[in-house]
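Participant: Chains as they are written, first to last, in numbering that gives the first Met the number 0: chain A, 0 to 311; chain B, 0 to 445; chain C, 0 to 280.
Hint data in this document are derived by calculation from the structure and do not stem from the laboratory.
Hints are supplied without guarantee of correctness; some may be wrong.
Unchecked claim - Result set (BS3-like, lysine-lysine): computed pairs, CA atoms no more than 25 Å apart in a straight line:
no.: 1; chain 1: C; residue 1: LYS69; chain 2: B; residue 2: LYS336
no.: 2; chain 1: C; residue 1: LYS54; chain 2: B; residue 2: LYS180
no.: 3; chain 1: A; residue 1: LYS199; chain 2: A; residue 2: LYS117
no.: 4; chain 1: B; residue 1: LYS111; chain 2: B; residue 2: LYS323
no.: 5; chain 1: C; residue 1: LYS69; chain 2: B; residue 2: LYS52
no.: 6; chain 1: B; residue 1: LYS283; chain 2: C; residue 2: LYS54
no.: 7; chain 1: B; residue 1: LYS60; chain 2: C; residue 2: LYS69
no.: 8; chain 1: B; residue 1: LYS318; chain 2: B; residue 2: LYS331
no.: 9; chain 1: B; residue 1: LYS297; chain 2: B; residue 2: LYS176
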Amino acid sequence: MSTISVPAGTAPATTRPATTKKKATGTAGKRRLPLLPALIFVIAVTQIPFLLTIYYSFQSWNLVRPGSFHFVGLQNYADVFTDTTFLGALLNTVVLTVVCVFVSLLLGLGLAILLDRKFVGRGFVRTLLITPFLILPAAGALLWKTTMFDPTYGLLHFVFGTDVDWLSQFPLAAVMAQIIWQWTPFMMLLTLAGLQSQPKDVLEAASVDGAGRWRTFVSITLPHLSRFLQLATLLGAIYIVNSFDAIFLMTQGGPGTASTNLPFYIYQRAFEGFDIGQSSAMGVVVVIITMIVATFALRLMFRAFSVDGGTK
Amino acid sequence: MRKLLCLLAATALFVTGCAGAGSFGNGGRTLVIAIVSNPQMKDAISLSSEFEKANPGVHLKFVSLPENEARAKITASTATQGGEFDVVMISNYEAPQWAANGWLENLEPHMKATPGYDENDFIPSIRQSLSYQNQMYAVPFYGESSFVVYRKDLFAKAGITMPAHPTWQQIADYAAKLDDKNAGIAGICLRGKPGWGESLAPFTTVANTFGAQWFDKDWNAKLTSPEFTQAANFYVNLVRDHGEVGASSAGFSECGTRYAQGQAAMWYDATSMTGTTEDPSSSKVVGKNGYAPAPVEKTQASGWLYTWALGIPNVAKDKDDAWKFMAWMTDKAYAKKVGETYGWNRVPPGTRQSTYEIPQYRDAAKAYAQPTLDGIADANQQKAMVSPVPYPGIQFVGIPEFQDLGTRVSQQLSAAIAGQTSVADALAQSQKYAATVGKSYQEVQG
Amino acid sequence: MTTAVSGVSGRKRRYGAGSLTVATWIVAILFVFPLLWMILTAFKQESDAYTDPPKLFFSPTFDQISGVLKGGFLPYLANSAFVTVVSTLLVLLLGIPAAYALSLAPVKKTKNALSFFLSTKMLPIVAAIIPLYVISQNTNLLDTVWALIILYTSMNLPLAIWMMRSFFLEVPGEMIEAAHIDGATLPTLLRKIIMPVVAPGVAATALICVIFSWTEFFYAVNLTAARAGTVPVFLVGFITSEGLYWAQLSAAALLASLPVMIVGWFAQNHLVRGLSMGAVK
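Isolated chain A (complex conformation) (with noise of 0.2 Å):
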């Protein structure tokens, strides 16, 4: 397609910008140019408001007491180590996150294996499950809050016969339920794409060596599929942990705070307490416990992908 002449020889792959490196040394800078407008954007969108957010955290201000923004240090930081609401949002962030993603997870992987092999309507059956991650993570929670876990008109009250009122026994299950089902399509797109880029060959190997189904897949696919796995986890878990159209919209945190994660408890003290010290104060501390993971999460992630080592 394109006219430029291509060295002799090229060896794909194996030599890349670790080679390209060396000879663009002088150029490095410029090079590096075109990056800056997306650096400089995304540093103006996300740093200058957290700035102001950290602002706020030192000053006693409730929106709707007029006068009443004033400096008081540490007091906003002191009270949200000492609210057992906050203790308890955390750990159901916690919760909703690693569970969420695991189950998501193993449920998308389930779905990706039933999806790789060709039948009738394949695509169709892909369209089918692909959907729940297309549809307004808003109007999932509408849904289910409604037409499934509604206690009398519900579809699980028909399905099962009982009474239960699932949105007030078992508040943070039925947000993760809701939440699971919005994410396992987007798990199984990507289990599939792993299962996908198998090389065909090995697997036909093993067939003909006479490995049985399961020995095949736990000592060739699973190995393969570990990177797709785990940047599913860590992209699932990035968004998960944000969750807030689901619980605001299904059970508002309740009954009491049973279902209150960070997101939503940041929201109510700022919206509906118009408190802005503290939930400022409670934003600093939250983006500083997702740091601490995220570095975590990063380090691992980059092991992973060996973006350092080059390797492909």
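Please arrange chains B and C on chain A, whose structure you already have, making use of the hints.
Facilitator: This is chains B and C only, laid out in the frame that chain A set:
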């Protein structure tokens, strides 16, 4: 790929055109109205094209959100002088506080300048609740108190007659008798959904009539007082033993659906419930309903007072047009318009005395018009509380911190109703929250 | 493969495959049943929408759909489409050069920049909502589509750069070197050599951005009002605190999700390919 990009570009062009038509101004003045998405307000939105026809050059744009979300947005916008809205829907909780903060336009001059508006027609207690220093800062769209609806057929079958002024103890006894788990009929429906405007509204009226209070007149929090504990135990036990399924997440609409489907023998809630209970298209119990005043224990009356009203933020740009629209939505003619267009049952109740003199309305509402009016008239602190309190409001504490405090306490109450915590623990936790708030007022006083 | 297998076990396998297919179908239908139910409910009358037992058969009606359309759906749709398309184009505009630079730049810096981009994704967006509100108010961006466009661009940019970088790594370094020697400028380079290789990745990235922008709820609800409200905001308007309107709600949910559903259905192959690339590189 190229196809996809072309598609994107084409869509972009197309929607830019649409957006140009839709959102980037269209000549004339556009009023932005923030409103709570309840049925009566939706009727108003449907009818509003008539206003636009009568006032060429003024366009209306509604932002219609559910109560919690609307309140969060409207408060944030008004408090930061955001200026997104020309007209906001607020309640008698916000109006006096915001007026005191100087966030709202004084409506008295506008009312006086509008011939035929007749502000003296508003029911006095409602008018009072939206005033600050005897000036109205918001005009009521609908008003409500609380009362009990009950199934006359089930009462007759059980051989019970509802007294003219029932007590809570009597109601509890009836609920126990009428509770029929096999038939799927709860003794009584009571709200348990968290939110200061949800479960706390009925609960606080119960607390009031049991002689409890949130704060005494020196701002000491009283949530663990014997009266408060007794009231909380009464409410939680009643709804746990003889209440509806899923009580801890049932609010007004959930209770309404259950009662209208014939799944409860009684329901204590807002007087505006008649829009649900008497609506033949959704209610299976039309004509079987009796209405009794809010039950009492130690007080003369115990109904609450609530109104959704319209106000103008002081930063709004076009106050005269804003007022024109508000006047249209709250004047005497509006009730007639709704009655003739959608049926008399859908007229927003509880604001104007003249509405209750319309013969068709009196006829359509004969089962509940008088109890509603009585409830609203009796809804004041003197009649509904045992001892004086330092804050305005009946079913709420009229201070800015109450949204937050109330929501937190209501979460505790819900948890107790769901059985996740004991009443004593819930109140102990709530007392802590309330004490912090009380202290900040004691400091101001001291 | 099956042809190589002899008669008996071949039949067995086919039989097994057949039942597996049936099982797959059943699982798939069960999994999306909530959604199918929503679609059914959208065509019900309110009185059919909440019944015990639930009604599978009813006389369908378009009342709810037309009610939603008449309820002022179109401006929200236009806002959503505008915000989604513009922010996605912006992401590509900023993201492609960045991904290009990151696939060539020295290793250490790459890691730092990538970490930085990804770490911004992990920050809780609620933590910054009040400052964002105050800032957009002071810059007159409150309740405009531009506030959302800026935020969605920064929201999607990290993931987009990261995904696209994987594709840029596919481009043989020698080709770029050679082009450089020939004196090709960056735009030529991008158009002639790089784009053909990375196009599927860009498409997949664009799709992901479209999905996330269209479905975004939190910023939209808190930073827009009448003028710039997007589809999720419209949907929330259907929750009322008085009375349940499941049929109407379902109709609104269906209409709100439909555009991105259709885009996703048609482009699902791109999505699979794009995501798989992101994992290997």
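Participant: Which of the numbered hints are not met once you compare them with the structure shown?
Facilitator: Every hint satisfied by this model.
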